[in-house]
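A.B. asks: Letter by letter, the chains look like this.
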Amino acid sequence: MKNRTLCLSPWRIKPGMILAKPATRQDGAVLLAAGTELTADQLEHLRQRGCEALCVGMPENRGAEEIRREVDQVEVRVRHLFRGPGSAARMDLAAAVVAYRRQGAE
Amino acid sequence: MSALKLEDVLARADILPALPQVVRHILDTLRDERANAELLAERIGSDPAVVARLLAAANASAYGLAGHVDSLRQAVLLLGIEKVRAITLATAIVDRYHSAPPFDAQRLWLHSLGVAVCAREIAIHAGLDAESAFTAGLLHDIGQLLLFAVEPAAYAETLGAKGRLDISTVDAEHSCLGLDHAAVGAALARHWSLPEAIVLAIGGHHAPEALPDHELADVVHVAEVLSHALDLGGAPDNLVPELSELACARLGIEWDEFAARFPEIDARFDCICLMLGL
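Sequence order for the protein chains is A and B.
The numbering used here puts the last residue of the first sequence at 88; the count rises by one with no breaks.
The numbering used here puts the last residue of the second sequence at 326; the count rises by one with no breaks.
Incorrect hints may appear among the rest.
[Unchecked claim] Simulated coverage check for chain B against chain A, where a stretch passes if three residues somewhere in it have a Cβ under 8 angstroms from a Cβ of chain A:
hint	segment
1	221 to 231
2	285 to 298
3	313 to 326
Just so you know, these hints were derived from the structure itself, not from any lab.
Glycine is no exception: its CB is placed at the ideal position from the N, C-alpha and C atoms.
Bound conformation, chain B alone (with noise of 0.2 angstroms):
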């Protein structure tokens, strides 16, 4: 097929569902110090489907209230409102965004999570913020989704090949899109008017070097990079991409040393996963 051009593809983004109004609060809020756990529990108020998958994960974390945690005040005292944050954004973008065959949503949003909890590592090791580092991770191949579902039969062809020559995703978008899905999500995460760190994050998370010293750019590389290294998600295929040695070089990353936090990485991955019954 011809090229796709990245206007032609952003002419048709409402074809996705619109960001929900809490992500947006989220987002908005992540640098805000007043922000606090009441506010934040008025506003998730308004989602069922948030409330029930964090009373779920407060009735699971209680062994001694097991069953009897039947408030959202109460399950957000519990968990915290960094929990409260991740879980909010992670269920409210997982279960908006779904696709049909041979499009895998699911295996998407779980290398999604993956990359978002070890970009929260990188973040806290560079001094960065974790917060933003977490949901930029999250929504770094936001991308794909709009991809797929402009161009559905060209999209599968672009994953067929994937497999068949076993190249990364990026390298067969470009030879058979002639544009990738950093690109398109970048443009997708402007026309929602998301922080423009986010932005380029996502634009940048396969070629950070592009950038001239984007930290949160190169926290979603190297995370993404890291989140396939130690399999979070465990797709058979999975092919750990280039790394850029620029990127860890401006974190500070040694690996001998940053290995230290695998173990918790491992951790966090599951628990999340355990949280949003995925």
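Here chain A stands alone, though its shape is the one from the complex (with noise of 0.2 angstroms):
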């Protein structure tokens, strides 16, 4: 099956989710490989070290169609969002907003 990469914060992770990324702290030093599957104590551990956000695998369930519509819903969100004019600045942030929300979709 198809898997699917989410970031979330450590608290939401559960043991037996497998790391799509390697778990790094601040200083991007590597803490746990990708592909490691994880432990109750290895998340613990990394909670304890300040790592606040891990990339996991998981099944992807959805169909073209559900994947499609959770895009379309996502880009006009952040057009909302950035409605009205703004400076060259504001319309490079709502560039990288989109493509941001629209890789967390895909």
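Fit chain to chain and form the complex, with the hints in mind.
C.D. replies: This is how it looks when you write it as structure tokens:
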């Protein structure tokens, strides 16, 4: 089955989930490698070391139509948030947020 | 109504409860490298709401020990000083300052936490002090609470105009009240004797270009805009405010590069909301 990658707070992650990207500290040092199946002890250790975001692989249960609908929804929401005129910096931010949200929904 | 005067609003600042002692202690020791977990735990011990929240957070974070963390010292060791500071500041402030409808204090604190989390990441990116940035982010909209406490009818009208005209809070305040929450918040922060850098950051968070290269004001301004853009707190009428190109440039922010931090910001915001039960 196809997997999707989700980035979550370690507080949301349950033992048994598999790291899709390495777990790193804020200074970039790798604490656990991608592919590790997380245990309760490891999760507790990561939280104590100040790791606050982990990317894990989850089975993709959505169909193509549902994915497309979710992508449309996030794009509509971001366009709504950025309604009205703005500076070039605001437009750059809008583009970065659309790309990030689209990637998260796909 | 006629325009409000800053000095008249400030003359009634005592309508809000004083800043809790534990917050003052944290602010006083932000740059003190000798400040340690034990000293902080000693100060926190006198605030039962903060102790309860820290124990809950420590128990939730420790699978193996769940339900068994029953001392403040153990909780502080488990969570680490950075998280203890964040939870303590947020609990002491969020639990203390409430408001009656139509002002939604819960929504204000969710937004403020979002700005605090963004400010922290931006400060790290720019090589600035992350804890001062978190604190300034948490307090940046405190002026809104004072305005509503002092002039509830006029501020309710201001919020109504904001929604009706789909304009920013600052624009609605200028048009209805003749002053804005940034100026009021800075005056209140100064009245509370907060560090001058935090006073300036609160006062300049909507117009950092008016300040000559004040880093913390730049950080809180960009964090404010980013928290709206990432929809942290998710108000239905959320509108991303104008973003200063100068502030972004002064902080060295290129959005296509900084976007790599967005997942961490989302996760950190989720984490602190979970820990605070919001």
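A.B. asks: The structure should be examined with respect to each hint, and the outcome stated for every one.
C.D. replies: To see whether the hints hold, each was checked on the structure:
1. Proximity of the segment 221 to 231 of chain B to chain A, defined as three or more residues with a beta carbon under 8 angstroms from a beta carbon of that chain, is not established by the 0 residues found.
2. For the segment 285 to 298 of chain B, the assignment as covered by chain A holds, since 8 residues bring a beta-carbon within under 8 angstroms of that chain's beta-carbons and 3 suffice.
3. Counting residues of the segment 313 to 326 of chain B whose beta carbon lies closer than 8 angstroms to any beta carbon of chain A gives 7, which reaches the threshold of three, so the coverage claim holds.
Going down the numbered hints, you'll see the structure goes against just number 1.
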